[in-house]
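Novice: Combine the two chains into a complex, taking the hints into account.
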Amino acid sequence: MSVQIKTINLEPKRQTFSHIARRFGEDKPASRYLEGTLDIQATENFHYKPLWEPEYWHYDLGKSAVKMADWYKPLDPRQYYYATYNISRSNMNTAVERNFTFVEERGMLAKASSGAIGAIKRGLLPLRHLHWGSNMNMSEICQRGYGTAVTAPCIFSAMDHLGMAQINSRVGLMIDGQTGTSLDEAKQTWLSDPMWQETRKLIEDSFVERDWFHLYTAQVLGVNAVFYNLFYKNADAAWTDAATAVALLTEFQSDWLADETRWSDSVIKTVAAESEENKALISGWAKNWIVRAVVAAKPLSSALLGDNGAAAETAGAAALKKAASLGLAV
Amino acid sequence: MSGTKKLGLRQRYEHLTRGLDWETTYQPMDKVFPYDEFEGIKIKDWSAWEDPFRLTMDSYWKFQAEKERKLYAVLDSFAQNNGQTGISDGRYANVLKLFLTGISPEEYQAHRGFAFTGRHLRGAGARVACQMQSIDELRHIQTQIHTISHFNKYFNGIHDFSKMHDRVWYLSVPKSFFDDARTSGPFEFMIAIGFAFEYVLTNLLFVPFMSGAAYNGDMSTVTFGFSAQSDESRHMTLGIEVIKFLLEQHPDNLPIVQKWVDKWFWRGHRLLGIVAMMMDYMLPKKVMSWKEAWDIYFVEAGGALFQDLARYGLKMPKYHEIATAEAEHVSHQNWCTFYQYTHAANFHTWLPDNEHLDWLSEKYPNTFDKYYRPRFEMWGQMAKEGKRFYNNALVQLCQVCQIPMVYTEPGDPNTICFRETQFNGQRYHFCSDGCSDIFKNEPEKYVQAWLPVQQIFQGNCGGATIPEVLDWYGYKFGEDNFDYVGSPDEKLWNEWHADKIKAAS
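Line by line, the protein sequences give chains W and D. Residues in the first sequence are numbered from 1209 upward in steps of one, following our numbering. Residues in the second sequence are numbered from 31 upward in steps of one, following our numbering.
Quick caveat, the hints were computed from the structure, so don't treat them as lab data. There's no promise every hint is true.
Subject to a maximum C-alpha distance of 20 Å in a straight line, what follows is the list of computed EDC-like cross-link-like pairs (lysine to aspartate or glutamate) [to be verified]:
hint, chain 1, residue 1, chain 2, residue 2
1, D, Lys521, W, Glu1219
2, W, Lys1495, W, Asp1473
3, D, Lys92, D, Asp261
4, W, Lys1395, D, Glu53
5, D, Lys506, W, Glu1313
6, D, Lys183, W, Asp1235
7, D, Lys289, D, Glu351
8, W, Lys1409, D, Glu351
9, D, Lys36, W, Glu1313
10, D, Lys532, D, Glu520
11, D, Lys92, W, Glu1305
12, W, Lys1395, W, Asp1413
13, D, Lys348, D, Asp463
14, D, Lys289, D, Asp463
15, W, Lys1395, W, Glu1412
16, D, Lys61, W, Glu1412
17, D, Lys35, W, Asp1392
18, D, Lys61, W, Glu1417
19, D, Lys348, D, Glu472
20, W, Lys1257, D, Glu472
21, W, Lys1221, D, Asp261
22, D, Lys506, D, Glu520
Just chain D, same shape as in the assembly (with noise of 0.2 Å):
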């Protein structure tokens, strides 16, 4: 490898990466590496390894380092002028809410996920590209909590947002995402996070968010953004790396690599519901509907994506067409589910006003004024009568997603679809096909799930009546749940605009 010549950037930075690596003797490679075979992934010669960036330390350290000072300059300066009063309006920082409980703790998890990648798979150049992206994944839990630290001074339902991802219903979504990731084997774990969520799907996550803050005048959020695309680069580079070298490798991967593209995209199409709600609904100034993101970013980007890997024989992640079709309505029927329960989210919920309802019908000409435009016009002249609606039940879990089980039949938007299978005398219950395929695929870690709403039955969330358990999901009952119009949170906007508001009126 090395010889009198002096040695290619290529070559240098494999010496001061994979060249610090030996094969053991003094105790077996099998037991140092006792976690990279069981899943059945063949790698005849890591050496092949392609560093998909070459960064070494000194680089790393000055780069990140100067990032760093300009963003927590424009953190230090956002607080310091009250950049939370001049945001588009109040319900923004509801979109704060859903990433802070939803979204930053698993940035911890891929945290910990990517060191785990970073000391068990056995080829060195692959570990210490997972060690960066460790180290990032912390970077960004940490400036996300440090930017939205300013919004919880004065917004209510972040204030115990950690407590609240172990424990609120719906946030058993995430959590179970990323759980089900951290416990698969260290390939699964790179295919499912380092493929399937930073490659394909990561800009129809972290980008409709960033871009939300851009439109929204939320200077500090979207400075976060900025700062973290350079990093967001690298492991999508490290993510198709890793696809491409595992079907390099062995023609025995491509099955178990397509199962896993299977299972990770239809997993993180519902996880991405959240989004689609978050983009439609929540948004007051919108960037574009979840729709054309869905179009843009997974029809023709990830469409691409697949057209390049189809010389390695991967297809298209199975449903695909499915999760394009759910497009048309999966923000609609998530935002009808916040509605209803209102009482039981750490984020407010509103009815789109006329001027929101006429976009929406403008973006979803197929299926608005259909089947949800008069749902919240019935539920507007409701609330207006004084009979604004909740709903009081327990809600069936998908026993994969755990999303309540709220989203329609294939083709049939007028029938809740159900799926059921038995295992072991026991029956399990799913939302499509996709979540009931992942089951009979690993019927014995799903079993395992802890399903909230089985939760609150069985007694272990706090007690049997809803104030009961919200209290134990930390809520503060009246200021973190219920309506944006006349919560705490709308009172102090106001306060703040009071000047605007009577010029205006």
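Isolated chain W (complex conformation) (with noise of 0.2 Å):
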């Protein structure tokens, strides 16, 4: 037995918008995903050259030397818009708020021991800078890119990194009754501490990058599959009897890394998939960017875990690994 409420059925003149019917045909209806993404940036007939860029128009094709017939194909397979977006970080924040209270009330960092609590200093809160230099990147490929599919991403993934720095931040604030003075701290270990410098310097060398899709490459194979990966997924013998509580503290970056990963995995293989020449300087970037990442995650791998760099060694050969499952000759 079913209940059927009969409901007026009016026939629709047409199922979909126009720009999207060329693409997939009059007869189907597109999902809420592909009718608020698809060609809604202005392609052509722009009025005024910007005064901060003449050479280019705001929206141009120019602005990567990489080159798409059309830059609707790299399509984001979660289908993230506005509202799935949110809705998704919302869910996992609950996560986050569940964990922080039962380390709270368990006292599990208060009971840590103070070599577990100077690695989370040392080590973990430092990293809300790298998310803050991720979000300016993020931010500006949303700026600089072409095309919706891949530029609308981009603004979801930067303020994931201002929500991942802010999570950090609040474990620091835990450890410090919130006084704010690890915070203060990290902020000095991320400016003068040795082993923390060649990141800086990556991440301030990728912020003067002009070509958006060579600074995703950079940000998406150096930065998220090299040193997020090696911090939320294999440096939990760093934070010793605190390994459990960070694990927790940071679920969500954890959980982010992995969504985050699906699309920007998804990008880079369609791009480097167009043609030779985009296969080619992809490549290069990817190689270059994951390099230069092992290079500075290794005084980090080695001061908080005491392997002599190896975690960020096998981080950057799992990254290379990833990229040729890409597409890409690294």
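Specialist: Spelled out as structure tokens, the structure:
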């Protein structure tokens, strides 16, 4: 038995917008992801050259050396539009709140050894600055990139990095009794501790990269695949007796990395597969930034894991292997 | 900044936002932030930036997700129950056509523009606020597309909104407005969009469309409106903080900011002409007249705002009194233009009926009966005689606002206002002193304008005949254009309401 409510069925004149019908045919309705994404950036008949960069239009195919016949080809396998993105993050954040309460109530950090707290202060908290740098890069790609299929997920990613920088900061506030001293210290560590300087140099160098897809490659295959993979997936031993607490407090970051990678892998793969020229360019960029990231991450893994840089090497090898699996020649 | 005391809310928020930022040393700051000095704005101390709102990402995701769940539940229900049949009249759909082709693409431009300032302003507190506005603006275009998508399934004229926005003659008015802001430096963008548009003018743009939806039974669009309200409030607080911050930072900023306020007020006033026309002519159930809206939201509210800003030396925007005088004319002059060019518009036009004419006479006692009512009555007579008036000439456009030269001299509604100037041996034309001044301040910028009429004459718009050009615009001739009466939209509306129409007759 089923209950059937009768509704009036009016035959629509068309199923979707013309620009979508031209791509997929007249006869099917389009998803909200597609209607909210495809072709919504202006492409022609611009009025003025930017005062700040008169060599390009504000939306300009020339801002990257890689070329696509259609920048709406690298779609987001997660099909995020604003609503689904926020709902996903809101759900992930429910776990963050639960985990923070859990760790706090059980005093898991309060009871942790001073060695573990020292490692968190020196090794985990400064990472908030790397997230902030990543936020700058993803905002840059959003403003500089071409086509909403790629640029919209970039502002999502930028906000994710801000959110993760804030979660990391809250770990510090939990340690320092909400006084902020640990965050001031962490900034000093980021600015002057020798073990962080190659990392800081790497992210500062990325800030001045003007080819937006080059920057994208640096961020997702260099920074994400090496650093975040190392810190959020392979650094448990660094936090010693606080490892479980850190795993709980950074669950968002770990889940985020899997989510982000699903998208960014697909973008890299699609753009590289477009042409031999694209593949060669992206391969060169990927190799360069992965190698740099390993060099920068080695002192961190040495200091935190006492492994002489082995975990950084492993993360780099995994990043290269992944790059190869995406069709890059690395 | 920190000590042994627990952080207050403000300090905590600063740790979680601007505290993340650092002065780069491996790359020079001027190379990391290459765009924030050429405009001449002087910032002595970014740490004086007051965060206009304190929203960490965990709260942002939570609030926004909650709003989206509610909004999409209403959109689904509206579609499932054929809410489009319950609007006040089929004519109302034309308001949504204007909105999706003329306004929504500008939400997108704002999204990318705030991503630009969210990356390139040197102050991290300001960047965070800009990034939130960037993602909000993406929300707005996406939810607007999703809201109006259902109407697109039944009504003509919006099926190719993105292409139309890039190509259609009158849509170059909003497009060039936002292209102008996007191609300005980051501080001018913040004044143009953050302050002039979002703060001074939003009640005259966003609100009339949403109130119009409420009055005309469009539950889906008005729900979007309510849902976007708290975003808009945040955007307004950012807009006001930006202008105060710039004016407080250095006295040299005042003349620069004043020039931008003058420019963007005038450009905004010109752009709002389409909203004026929508309110006075296109809403089957009227909310209020444009003149009333202008008096409340600009003369009163705007006046109070500028009084508040007077302590920084900022003055009311130049030509504000002319704009106020024009509020008695602009909606009529615009609707007359679209009536004559109905074949070239992607929405339908119609002549106001007697009841509507009386409403206009009542709302515009100084101007309507004297200048405009006779025109509509004459056109009505001509249409009755089978001689519906079409204007087939291509019109001259203002080089700055790109509106056809249809506006009249201040104080003389019987004379078209023309201004012109020479630059590099070429002659340029303007609709007003306001637009002419804007050109003279930045001629190198405005000579670049992609003017739709000139482009047609140059052969860049699909061909030499009107049907060829309209085809290039993406129109379906005879469906998307011409009068509402006799249109497929009207036919469908009447089918839906056949029973009621029969009962009434």
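Novice: Taking each numbered hint in turn, which are not upheld by the structure, reported in ascending numerical order?
Specialist: Per hint list: 5, 8, 21 violated.
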